[in-house]
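**Q** Sequences listed follow chains A and B, in order. Following the numbering used here, the numbering of the first sequence begins with 1 at its first residue and continues without gaps. Following the numbering used here, the numbering of the second sequence begins with 1 at its first residue and continues without gaps.
Watch out, some of these pointers could steer you wrong.
Partial selection, computed: residues in chain A whose CB lies under 7 Å from chain B [claimed, not checked]:
hint: 1; residue: Asn23
hint: 2; residue: Ser41
hint: 3; residue: Ser45
hint: 4; residue: His279
hint: 5; residue: Ser297
hint: 6; residue: Thr321
hint: 7; residue: Asp324
hint: 8; residue: Trp329
None of these hints come from the bench; they were simulated from the model. All values reported here derive from a predicted model rather than from experimental measurement. The beta carbon of each residue, even a glycine, is placed where N, CA and C say it ideally should be.
There are 2 protein chains.
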Amino acid sequence: MNVLVLGAGQLARMMSLAGTPLNLVTLAYDVGSDSIIDPVSFAKSEMGLKQAIAWADSITAEFEHIPHNVLEVCEQSKKFYPGSRAIQVGGDRAKEKALLDNAEVKSAPYAIVTEKQHFLDALASFGRPMVVKTCQAGYDGKGQWRVKEGDDIEKIWSEMAEFLARGTDTKPHAILAEKMIRFDREVSIIGVRSKSGEVSIYPLTENQHTNGVLTLSIAGKEKATIQTQAENAFTKIANALDYVGVLAVEFFDVQGELLVNEIAPRVHNSGHWTQQGCHVSQFENHMRAIAGLPLGSTKLLRKTAMINVLGEAAIPVEVLTVSDVTSHWYGKAAKPGRKMGHINVSADTLHELGEKLALLAEVLPEEIYPGVLSTAKSLILN
Amino acid sequence: MNVLVLGAGQLARMMSLAGTPLNLVTLAYDVGSDSIIDPVSFAKSEMGLKQAIAWADSITAEFEHIPHNVLEVCEQSKKFYPGSRAIQVGGDRAKEKALLDNAEVKSAPYAIVTEKQHFLDALASFGRPMVVKTCQAGYDGKGQWRVKEGDDIEKIWSEMAEFLARGTDTKPHAILAEKMIRFDREVSIIGVRSKSGEVSIYPLTENQHTNGVLTLSIAGKEKATIQTQAENAFTKIANALDYVGVLAVEFFDVQGELLVNEIAPRVHNSGHWTQQGCHVSQFENHMRAIAGLPLGSTKLLRKTAMINVLGEAAIPVEVLTVSDVTSHWYGKAAKPGRKMGHINVSADTLHELGEKLALLAEVLPEEIYPGVLSTAKSLILN
Chain A
1 MNVLVLGAGQ LARMMSLAGT PLNLVTLAYD VGSDSIIDPV SFAKSEMGLK QAIAWADSIT
61 AEFEHIPHNV LEVCEQSKKF YPGSRAIQVG GDRAKEKALL DNAEVKSAPY AIVTEKQHFL
121 DALASFGRPM VVKTCQAGYD GKGQWRVKEG DDIEKIWSEM AEFLARGTDT KPHAILAEKM
181 IRFDREVSII GVRSKSGEVS IYPLTENQHT NGVLTLSIAG KEKATIQTQA ENAFTKIANA
241 LDYVGVLAVE FFDVQGELLV NEIAPRVHNS GHWTQQGCHV SQFENHMRAI AGLPLGSTKL
301 LRKTAMINVL GEAAIPVEVL TVSDVTSHWY GKAAKPGRKM GHINVSADTL HELGEKLALL
361 AEVLPEEIYP GVLSTAKSLI LN
Chain B
1 MNVLVLGAGQ LARMMSLAGT PLNLVTLAYD VGSDSIIDPV SFAKSEMGLK QAIAWADSIT
61 AEFEHIPHNV LEVCEQSKKF YPGSRAIQVG GDRAKEKALL DNAEVKSAPY AIVTEKQHFL
121 DALASFGRPM VVKTCQAGYD GKGQWRVKEG DDIEKIWSEM AEFLARGTDT KPHAILAEKM
181 IRFDREVSII GVRSKSGEVS IYPLTENQHT NGVLTLSIAG KEKATIQTQA ENAFTKIANA
241 LDYVGVLAVE FFDVQGELLV NEIAPRVHNS GHWTQQGCHV SQFENHMRAI AGLPLGSTKL
301 LRKTAMINVL GEAAIPVEVL TVSDVTSHWY GKAAKPGRKM GHINVSADTL HELGEKLALL
361 AEVLPEEIYP GVLSTAKSLI LN
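Go ahead and model the full structure; you've got the sequences and the hints to work with.
**A** Rendered as structure tokens:
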């Protein structure tokens, strides 16, 4: 069975690696070069996009910001999962908010801004600091601003107005103003839904971001009540989208109440720990779902932490001397801030996980791998 | 870092899949077509063998029966692990026996047969049935015969004499006569040795063969005493060969005493369960060893059974509905008896493993997947 992934980055690569043992052959569409490649070896295929769509039995995507014409032709093939609606909702904050409202899933209060009065009304209603986000494009902290006390409203509005006037290739940009949520922490839930509507959900993950980019995740420390809350939200969203494949939902945890921050219609960085923490990873489950195969177990096998490798061409070799540590490299050339790979570490208890993270902190500098030592300490104390 | 594997079958494929997350790029030398290929996508490289040897940082092998001239040029590169001596010992039963004798590791009594009197002496000494094996070539039950009561000795000798006269490309064949061991079962140990001589060993595996081909393995049911016996034998052999990489040693279990049946200087079918049963599989540990990376954990995480898929192009889809079951396909065209893939199933207890195997037995016909039901029953009763 053949799978085409829209997007040819690390997510397509890890889907391919997970699909190979299932007898799935994966190629990826690299949007930038408009070419079809093997996402593991990067070998260029002789096929063009149209041929690859015909070649594929299933089509999926590794990111939301896919050109509209590509989405359309994939949708027409009737082989595209999770489908263009889910991709568009994931790539447009206004659509995402409307979906959450309809599915009755809580998120931060918001307003859609297309003219100055909307902006002023939002400021009056939400107070400062207020979060302003572009509806389309922007992730990992890009395309987001905060309006703080003392900021020049006229100056910010003129920037926003210019942005709104610019538009995208097919439609005008919109901006979303959101009440700033004072959250205790960020968590996410990763789950999978099959073609027949079966849902299976991984344990909640706690995520640490640095400069808007995920740096560390931990799975296996959550209470049942918060897991249930997250699963309910996940199921409502997945069902509302008639979703097929892996879906990620990010939340703010506000004193035990979860508010959706954003949804990602794909395998997700905060689910990379499932490669070692579960019998069946998010990548394998996504491939199983879109290939129409039975879903695999999402049960936690071992407490697992994931550390992102950002901008580094190598990790200290001592990392692999720590027991139950696995590296995952994406085969990319190093660039500052680029997601180059990740490190998974597993343990039978949170205390043991803390001890292993403490060993890793000895060889992973805090400025490159923030939060490893503090997480280790908090797990050891607990 | 680049790795070249001699041999381009499923073992090279699974080495490549395990090496990719470690940032290792793997190509394979297909001996039959004398070409360099990607062992996962099967895409042909433009490189020839000589170029690929220059390209590689490390060279390894997935089988023992490599042409002598290829072994020689790889050895000269000083990048070849476990090295030509280990490969030759693994591919020649006479050399293997000599190694075991020197390392003081027990195996069945034997005699090297190059003329008729040796054969008659062996028969007189070992009695019937007696096992006769070619020293070179032959595995998975090929190149082995038994001399039974009532067999025509003259006729068998004339076949053997013809075989001895034929020889191989570089040297005459020899034949090994071996006392027939009445064993209770077959077990194997898989372990890994690093460039610095560090050894790490997986739990003993119990193996079931059908018509000389492995059909089912189980890991996680052995007592410490027999594990220690196997580890001692493994360590002596690995050290005697100054071995680097994964090595497999197969034993006959004779009332708790282990006699070596044969050694395989490579990752091994009876270690495929490590893909799900351990944090670091035999494939990843082999790649870590030959790349000079620290070895990974060989500890059992969960009781795991492996079922070989022989000659079948597909498995019943219901197999994947059983919890904690993973399929591993090799991407080959189906041929009767061909190793097409394998199925791993894991559980927290032997009883639970038995229950899962019983579910699998409902959809896997006994004539194609022998031993699944009987193994399930014996695990459930224990």
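**Q** Each of the hints needs a verdict: does it hold here or not?
**A** Hint check:
Of the supplied interface hints, the one on Asn23 of chain A holds, with its beta-carbon coming within about 4 Å of a beta-carbon of chain B, less than 7 Å. Hint on Ser41 of chain A holds. Least Cβ distance to chain B is approximately 6 Å, under the 7 Å limit. The interface hint given for Ser45 of chain A is violated, since its Cβ lies 9 Å from the closest Cβ of chain B, which is over the 7 Å cut-off. With 7 Å as the threshold, the beta carbon of His279 of chain A comes within range of chain B, its nearest partner Cβ sitting at about 5 Å, so the hint holds.
Interface restraint check: Ser297 of chain A against chain B, minimum CB-CB distance 5 Å, threshold 7 Å, status holds. Of the supplied interface hints, the one on Thr321 of chain A holds, with its beta-carbon coming within about 4 Å of a beta-carbon of chain B, less than 7 Å. Checking Asp324 of chain A against chain B: minimum C-beta separation of about 5 Å stays under 7 Å; hint holds. At its closest, the beta carbon of Trp329 of chain A sits 4 Å from a beta carbon of chain B; the interface hint therefore holds under the 7 Å criterion.
Checked against the numbered hints given earlier, this structure breaks only hint 3.
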